[in-house]
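A.B. asks: Heads up: the protein sequence lines correspond to chains V and W, in order.
Mapping of the first sequence onto the numbering used here: residues 71 to 918, in sequence order.
Mapping of the second sequence onto the numbering used here: residues 176 to 576, in sequence order.
Hint data in this document are derived by calculation from the structure and do not stem from the laboratory.
Hints are supplied without guarantee of correctness; some may be wrong.
From chain V, some residues computed to sit far from chain W (all C-beta separations above 12 Å) [to be verified]:
1. Asn183
2. Ile340
3. Thr532
4. Leu535
5. Ser604
6. Glu699
7. Phe704
8. Glu785
9. Gln892
Below, computed lysine-lysine pairings styled on PhoX-like, alpha-carbon distance capped at 25 Å [as the list claims (entries may be wrong)]:
10. W:Lys209 / V:Lys489
11. W:Lys218 / V:Lys382
12. V:Lys475 / W:Lys209
13. V:Lys328 / V:Lys403
14. V:Lys525 / W:Lys209
All residues carry an ideal CB built from backbone N, CA and C; glycine is no exception.
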Amino acid sequence: MENYIGIDLGTTNSAICTYDKETLQTRVWKSPEQNDVTPSAIYFDRNERQLIGQTAYNAVPRSPDSCATLFKRFMGTGMPIELSAVNRTLTPEECSAEILKTLFGYLPEEIRNSPDIGTVITVPAAFDQMKKNATLKAAEMAGIGSVELVQEPIAAVLSFMKTHQTDGIFLIYDLGGGTLDITIAESIRKRVDLLANGGIELCGGRDFDRALVDNLVRPWLYDNFDLPDDLANNPQFKKLLRLATWATERAKIELSAKNESAINLYEDEIRMNDLNGDEIYLDIPLQRDFYNDLIADRVNETIHAARETLSKTGYTPNDVECVVWVGGPTHYKPLRDKVSSELGIQGDISDVDPMTAVAEGASIFAGSIRWEDEQGQEDQEDQERQAADIIIFNAIDRTPDDTSKIAVRVEGQPPVDYKFQIVGLDDGSDSGSLTLTHGEVVTVNLTKPGNNTFKASVYDATGNLIQEDEIVITKVDVSPGRVPSELSIALEVLGRIGGEPELEYLVTESDLLPKNGDTTVRAGELLEAGSGNSLNFKLRQKDAMGNQSDVGLLQIEGTDLPEGSSIPINTDLKCFYEKTLGGNIKFSVEVDVAGTVMVFDDVYYFEEGFTPAASQVIEKGLHIQKRIEHIEEFIDDDPRLEQARRKVELSTMLDPDEPDMEKVLEANQANSEADRLLKQIEEDPGNRRQIRQSDLNKAVGFFDNYIRQHARPAEETAFDNLAETAQRSIDNNDNDFADHLDELRGRNFEILWRQDWFVIEEFKYMANLDAERFDDSDRFEELVHIGTQLMEHPEIQEILAGRREATIRSEAVDQLRGVVAQIMSIPRTGGAADHDAMQSMITNILAG
Amino acid sequence: MENYVSMDLLRNPFYILNATQQDSRQRIIELAEKQSLLSDVDKCMAARAELAMPRKRVSAEVAWLPGVNPKRVYDILLLLESSVGNCLASDNTTSTAPVDSLTEVLVRVPYAKKSTIADEVLETLKFSKGDFTVVSEFLGIRKLTPIARANLIAARMLRLPDYRPDVVTDWILAIVQTFENINPSEVQAILNVEREASGFPAITELSDITSEIQNCRRYYQQVIKFALDNIHSAKARAKVVMTVVESATDSDTNRWPILVEDSVGAYGDSAAAFLEIEEKNIEALDKKIRIAADEETSDPIFHSIVDELLQTIEDWYVMVQPIQLSKNRQGLRHNASHDAADRVRLLAIYLFNEYDELDLSQEILNMLKDVFAGIPAIAERITADLEALNRIAEQREQQIF
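Work out the full structure, taking the sequences as your base and the hints as a guide.
C.D. replies: Here's what the structure looks like:
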C-alpha cells in the first residue's frame, strides 16, 4: 500500500486523516470552512441541492425536516431516514456513504485517485455485527476500495501513543456526543496492547444538552412567556425547542473556555410568538457551578464505568500512568478534573486533540496492519517457500523497534555443518557466517522507517549456496498488538441430551483478532437423508454489556444428505470459525457422512438488527422495573439501582404511539443499559448468592404453603430433592441454578394445573389480557369466547360456588384447561419474526 | 479431542511460553516474542495476552501447578511428556525445561525406559497422600496442593497407557476425592505468594478463584468422559460409574461429591447413543409381542419374545442405573425411564385386558417394579397395577374354590 487513510465516521462529527509511512507523519485534512472536523449532517435545500457538513448542520434548527443527522445511530437497524419536507427517504448507509464521499473529497487528487489506498474507518466499540456490516456497505456505496474497520478507542490509543514515549498503562476516556467508551491500554516500547473495553451506550454530550434544556431553558421559557404545557409535542412550538437545544449546545461549548456563558437567541432568530402574541427570545445566563451540579450524576456514572473497566484487568488506579481524553465534552476542564481526582489517576496534559485523535489513530492503524492483498501475496510466497524448504527464516515483520529478530526454524533433522548468513540490503549489514541450528536467532538493525529488506542465504558444508530468501521487515511508528474482540461469539449447544441450551464460546470478549480455530461438537439427534429435520447451528453474540443477540444460522438439512445416508446421534461435527481483524465472522461445519467428508458453510447472517415498536419498549421497561423492585427487596444501598431506575424511566414514560423513532431507539438503549446494570448487580458474587437464595426460598415456601397439600408423595420427595440440588447449585455457584429454579416453579405449576380452581382462575386472568399482545389476536379472541361460554357450564358454576367435591372430575374444566393451554401457546413475538424463527429452532447440537 | 484438552497442563499458557509462575510481565513478553518465531504465533500471542493481564491470568494460574516450585514444575511436565500413553503430545516441541537431575535422567535413558519411569512415578498420584513417596523422592516435592494434584491427575488421565475399567475407576475416584479437598482460600493464598514474586497485583476477590475452580471442575468432567469413552465395553463403563457412585457416596447422608454427579453426567452423554438403541429395541419388542399376541403365535415362541423383552430391559437397566440414581437424588425426572416404564406397563395391561394373560402380566409388572424401585413416581403406579391384578387373581382363586 502507498496511501493510508483513517476516517472517524462520527455520530455528530467526522474527520479524515492520512499517514505517511516514510516520514511517520499524520495529516488531518480540513473542510472547505477550514475546520478539522465536519458535522455528520446532510441538508437538501429548496432546490433539492444536497449540502453536507457545516452548512447542513447550521440548517438543522430551522429546517429539521430537510436534514439528516445522527443517522449513525440507526446503522444496521433497517430504519429509514425520512426527510418529509423534501419528500425523500434515505437509508442510514446511504447517508454515511455521502459523508464518506465528502471527506474523501478533501484529499488531494493524487491520493484520491491512487489505486493503492488502504482505508480504515472507525466504529464504536459497542457496534454489533449488523452495524459493522452496514458501515462496510456504506464504504462500498462511497466507492472506497480496501477497507478495514477499527474500534474508535483503539484508534484513540494509537494517536496518543504516537506522541507519548513512556511505557505504562493508560485509561482512555472517550466521551462523545452519545456514548462513553473506556479503554485500558498498555504500551511497552511503542507496542500497544488493549487490555479491556467498557463504557456506557447512552451517555454523552447530548445528554448534558438535554439536561440543560429540561432544567434551565424550559423553566426559563415558562417563567418569561405564555406557552402551552405540551411544548415538546405541540406542532406550533416544536421548532422552538429545537432552536433552544441548538443554542444550548453553543453556550455549553463556550463554557469550556469561560466561567460563564449565555444561551442566547434573538427574536429575529426565533421568529415566533407566545400565546399572548409576545415575541419569544432566549437570554439565559449559564454558570459553571450550575452546569457542574446538573451533570454530576452523569459524570459519576462515567467514573463508575471507568473503575469497572479497570477492574476487568485486575490493575488498580495506582498502576495507571494517566487518563487520556478523547471527544468533545472532555474539553471541559471541570469534568476532566473531577474524573481525574475521583479515579485517583492524573489526567494527560499532552497535546492530543480530542476531536481528531480518532481519525489520526485510524490512519496510523492503516499504516501498521498487513492488508489482505499484501497478506495473500506474502502467505502464498511463504507457503511455496515452506513447501520446498526444510529451513525457514521467521521474523517479526512489523515492529516499532530499531531492531528486529530473524529466527531459524528447521523442520526435521538439521543438516550437518550447514552455515547461514543474513545481509541487510538497505545498509549492507552482515551477520557473518553462522552455524545453522534450529532456534538460532539473529538480531538485525532497522535503519529506516518503512520496509527494510534482508537476504538470508544457506550454504552446505562445502560452501555451495543451497537456499536464498528475501525477508522484509517493516518499521512502523506504533504497533498495535492484535485487536481484542469487543464481542463474544458463541455457538448454542446442549450440555447434555435433554439439557438446556448453553453457549460454547468460539471467540470471547478480549480474545485477540484475527482469531480462527475449530471446535468439535456432536449431533444431538439422528438426521436422516430426505427428512424434514435439520441440525441447527445457532451463532449468537454477546456484547460487553452482557446483551445477547442472534448473529447467524447454519442448518444441515435432511435434504442436504445423499440418499440413504444419515448423521447418527453423537456424530462428531467439526466447526471451523474465524473472526477477522475488522470483526467479520466466518463459520463452516465439516462432517463425515457415510465415509465422505461433507462441508457446510451456507450461513445465513442477519443483516439488520431488530428495532422494536414503542409498545414493546414500554413492556420491556416495565419488566425491568419489576426486576429493580425485586432486587430492592434485599439490596437497597447500591447506587446502580437508582441509575437503572432513572434509565428505565425513558421507556416506561414513553408514549406508545411515539412517532419519533430516535426517542424509541434511545428508550430501547436505555432499557439495555438498565438491564446491564441489573446484571452487574445480580452477578456481584455476594448479591448473586443472596438473590438466588431468596428465589429458592420463595419457590420452596410457595410449595410448602400452597402446593404440598395437593402433591402426591412421590412429587413431594422429588420436589424436596430438587430443592436440595438447587441449594447445592447456590453453594457451588453453578450455572445450572436457573434451570433448577425453573424446574421447581414448573413442578409447582404442574401440580396446580391439576387443580380445577386454578384452571378457572388462570382463564379469568388470561381473558382480561389485551388481545393485541398476541401475534394471532383473532385466535386469542376466539378462544376467550369459547372459554367464556364454558365458564357458564353448571359444573364450573358449582365449583365457583364451592358446591362441588374437588375429587369429582369435571369435563367442563378439562375443556377449559385445553382452552387455557391453547391461549398460552399463541406466540407473543411482537413482530420480531425473523429472529424469533431462529429462537424457536430447536438446538440439537451437543457440546464436544 | 481439542475440546478435551483445552485446559490440559501441556496446553497451559505457561507451558506454551516456557514461562514460570514467577516470571515478570516483561519476561513473559520476551518469551512470547521468542517462542512465536519458533512455534505457532497465534498460540504464543494468545498465551502472552492471557498471562500478561492480571485478571485473565487467574485461569492459567489455577489450571497450572499452584504451589509447586517453578524449578520442579517442568520436571513434572517432563514426566507427562515422557509417558507411554502420551498420545496427546503437545505440538509445542521446544520445551526448555531447567536442567537438573531428573531431567538428565530422563533425557539420558532410552525412550522405553524413560516411559516406564515416568509412568511409575505418575502412577503414584492416584494413591492417597501417604503413598506419595515415589514422586517425593524423584522430584523433591514433599507435598502437592490439592489443586495441583487434581490438574496433574487430569493430565495423567488423558494419557493413561491402559484404560482398563479397574484402572479408570481408581483414577476417577482419585480426582473425585482430590477435588473435594480443594479450598479456594488456600489457592488464593498460594497464588498471591507467586504473584508477589512475579510482580503482578494480588488477587483480591475470592470469587475469581472459585469461578476458575468451577471451570476446572468442568474440565475434569470432560477428562472423566474421555477416560470412560476409552473403555470399549458399554457395560464395563456402566460398572465403572456404578462403582464410583457406590464407593464415593455416603449412603447414610445420601451425600454425593460433586464430581461423582458430574461423572454420571459425563457417562450419560457417553452412553446416550447406546441407550437410544436399547430403547428402540424395547419399542420394537413391545410391538412384536402385541402382534404375536394378536396373531395367536404359539406359546413357546410368544414366551421367548417376552423373555427377550425382559432380558433387554434388565440389560438396559444395568446401563441406565447410575443415571436413574443420580436424577432421582437430584429430584430430576429421567424421561427415558418414564417412557420405558409406561410402554412396558401398558403392554402388561394390554396382555391382561385383551388376552387374559394374568401370570405373564404379573411377571412383567414384578420385573418392572424391581427395575424402577428407585423412582417412586413410577413404582407407585406399577404397585397400583399389581395390586389390581393381585385382587383379580385372588377373586379368581376364591371363585375356583
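A.B. asks: Which numbered hints turn out to be false for this structure?
C.D. replies: 8
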